[in-house]
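If you're matching them up, the sequences are chains P and U in order. Take any residue in the first sequence, note its place counting from 1, add 66, and you have its number in this note's numbering. Take any residue in the second sequence, note its place counting from 1, add 15, and you have its number in this note's numbering.
It should be emphasised that the hints constitute simulated quantities derived from the structure, not laboratory data. These figures come from a predicted structure and were not determined experimentally. Heads up, none of these hints are tricks.
Computed cross-link-like contacts, DSS-like style, restricted to lysine-lysine with a CA-CA straight-line distance of at most 30 Å: (1) P/Lys-196 <-> U/Lys-25; (2) U/Lys-188 <-> P/Lys-195; (3) P/Lys-195 <-> U/Lys-179; (4) P/Lys-217 <-> P/Lys-319; (5) P/Lys-347 <-> U/Lys-242.
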Amino acid sequence: MNIEGKKAIWKDYQKEIADDKFYYVRSCVRQNFFPGSETAFLKIMREELKKDVYEHPCHTTCTGIGYHSDIVPVETTMTVVARQFAIMNEAGYENLMPSCITSFGLYTEILDTWHHFPEVEEKVRQQLKKATGREFRIPKNLAHASDVIYKFRKEIAAKAKYKLINKNTGEPLKVVDHIGCHYAKMFPSKGVGGAEYPYVLAGMIEEWGGQIIDYPERRHCCGFGFRQYLVQANRGFSVACSKEKFESMKPFKPDMIITNCPGCPMFLDRWQYVINEMEGKKYGQNEEGIPVFTYEEVAGLVLGYNPWDLGLQMHQTDCEPVLDKMGIEYSPEDKYKTEVNALYSESHNLINV
Amino acid sequence: MEKLYDLLLKDIRFEEGLNACMNCGVCTAICPAAEFYNYDPRKIVDTVQTKNDDDIRDLLKSETIWYCGECMSCKTRCPRGNAPGLIIMALRSLSQDLGFFVESEKGRQQLVLKRTVGQWILDHGYCLYLEGVGTALHPEQGPVWDWIQENWEAVFKKMGANYKGDGPGILRKIPEEAMDEIREIFKVTGGMKRYENIEEFSKKKAEELNMILDEGIDNEYFRHIYKTNNGCHTR
Numbered sequence: 067m068n069i070e071g072k073k074a075i076w077k078d079y080q081k082e083i084a085d086d087k088f089y090y091v092r093s094c095v096r097q098n099f100f101p102g103s104e105t106a107f108l109k110i111m112r113e114e115l116k117k118d119v120y121e122h123p124c125h126t127t128c129t130g131i132g133y134h135s136d137i138v139p140v141e142t143t144m145t146v147v148a149r150q151f152a153i154m155n156e157a158g159y160e161n162l163m164p165s166c167i168t169s170f171g172l173y174t175e176i177l178d179t180w181h182h183f184p185e186v187e188e189k190v191r192q193q194l195k196k197a198t199g200r201e202f203r204i205p206k207n208l209a210h211a212s213d214v215i216y217k218f219r220k221e222i223a224a225k226a227k228y229k230l231i232n233k234n235t236g237e238p239l240k241v242v243d244h245i246g247c248h249y250a251k252m253f254p255s256k257g258v259g260g261a262e263y264p265y266v267l268a269g270m271i272e273e274w275g276g277q278i279i280d281y282p283e284r285r286h287c288c289g290f291g292f293r294q295y296l297v298q299a300n301r302g303f304s305v306a307c308s309k310e311k312f313e314s315m316k317p318f319k320p321d322m323i324i325t326n327c328p329g330c331p332m333f334l335d336r337w338q339y340v341i342n343e344m345e346g347k348k349y350g351q352n353e354e355g356i357p358v359f360t361y362e363e364v365a366g367l368v369l370g371y372n373p374w375d376l377g378l379q380m381h382q383t384d385c386e387p388v389l390d391k392m393g394i395e396y397s398p399e400d401k402y403k404t405e406v407n408a409l410y411s412e413s414h415n416l417i418n419v
Numbered sequence: 016m017e018k019l020y021d022l023l024l025k026d027i028r029f030e031e032g033l034n035a036c037m038n039c040g041v042c043t044a045i046c047p048a049a050e051f052y053n054y055d056p057r058k059i060v061d062t063v064q065t066k067n068d069d070d071i072r073d074l075l076k077s078e079t080i081w082y083c084g085e086c087m088s089c090k091t092r093c094p095r096g097n098a099p100g101l102i103i104m105a106l107r108s109l110s111q112d113l114g115f116f117v118e119s120e121k122g123r124q125q126l127v128l129k130r131t132v133g134q135w136i137l138d139h140g141y142c143l144y145l146e147g148v149g150t151a152l153h154p155e156q157g158p159v160w161d162w163i164q165e166n167w168e169a170v171f172k173k174m175g176a177n178y179k180g181d182g183p184g185i186l187r188k189i190p191e192e193a194m195d196e197i198r199e200i201f202k203v204t205g206g207m208k209r210y211e212n213i214e215e216f217s218k219k220k221a222e223e224l225n226m227i228l229d230e231g232i233d234n235e236y237f238r239h240i241y242k243t244n245n246g247c248h249t250r
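With the rest of the complex left out, here is chain P:
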């Protein structure tokens, strides 16, 4: 592999990412499956990086899963998204920072459509006004929450308590990155590194001491496919996609998987459990699964946050092999305890710092 050549290409795909004053919109999937990731993200942004991050209680789903399940018409989705913009404007913010790749892709798609078809934007303006009385301006900057962590990856590295290095061997951990289809496949120029050489997660991993694995099915979908997972009769498609990826990455002996999208880590985590139940097969080393992480969880581990405050006990595939390799101190007996989270501050809910 010609690394220098790839680095040259990556340089052509650097997007503009705001520096401060972010308006955060949450992810339906991340909230339900990886809530600790959003809590950790806000702590990192507000307390470690001292950034202004605002969350409005009245923001809602963007309807993305409904839209891509084809039950929500495009006009409805565009108007819900226009409402998100409107309440962001009213709060005095311009930099939209979604926690979800489906949302990020949808915002990108809608802004592109409006750019090419101004009459569609005008119709949405009229519909929003009619339905809610609101008006909106286009966001000045649109960056996924992972783009922002990527931008500040060196600052996080400077505060790191642990590195993505095997403490026993001194070797970098071998990491598979999975960026999620809607991050850059639709609009490559809107993702760090584009669709061919996405660097948003790879940049974090390299900065924090790990080594990225390039493997044949690196860009293959995790298999969500919206209706292909949500309806039980279709789930064979979903597990088959994940299995194709596991089979492809296994020979490279990955220590862990890092993900961008809120849904992909759930699928890559749960389908390992299912494949083991169905076929008695595991893809990690030492007869273990491959631990799957969100990027917020990886950032939190590097910063020395308690694994159970990050929510790693909500994974079906055990994460302990990675904690042990990194030399992270943790208490196994605390794993399923539900005392208050040290990462969480009441101020996150009551005051937008």
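Chain P is fixed; fit chain U onto it per the hints.
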């Protein structure tokens, strides 16, 4: 009645997604659904661009338009800048508007999506609202999900959620005035009409199949469309 092709043209995604297709098949080569299902996005785009009304009607009633996972891998690769995934979305919308979706096993599943994700959006303001959605419907979620479901409030409090609370935060209660705005947007923009269409045509189909379709998800027709797979969809 208007030509089906002209109806498709009214969908902005169709206009964005279809320039002249040269039938190279790169979309099919990259497509995850084409690896798994009897599915060929190239053929769909080719059929649509013939503008043949009978062929488009067959597509709208077919299984094949429901196989796509909308990953949009096709959009990255098409040398002509087409997006078969967007064309699929326009076909699926028209199939639901005209009631053709109930003519296929996969199309009938739209009622499942409307009564789960669709209802969660209108009731809670989230696409997913999973308290009480356990491993009976989602066995793949595994034992950890049973533990989460059994300890839902404590687990989410531990994770820093503002579960059902006022103000911002994870799984907060979205204020009623915000929910009223979302429901009004659905009324003004055709979202509610789409939901009503799915219900109306599904009810007729359930009667035709002599199956019980009550409210909610615990009834014969819902269970049937949620679980039925005739085994003829895959390669």
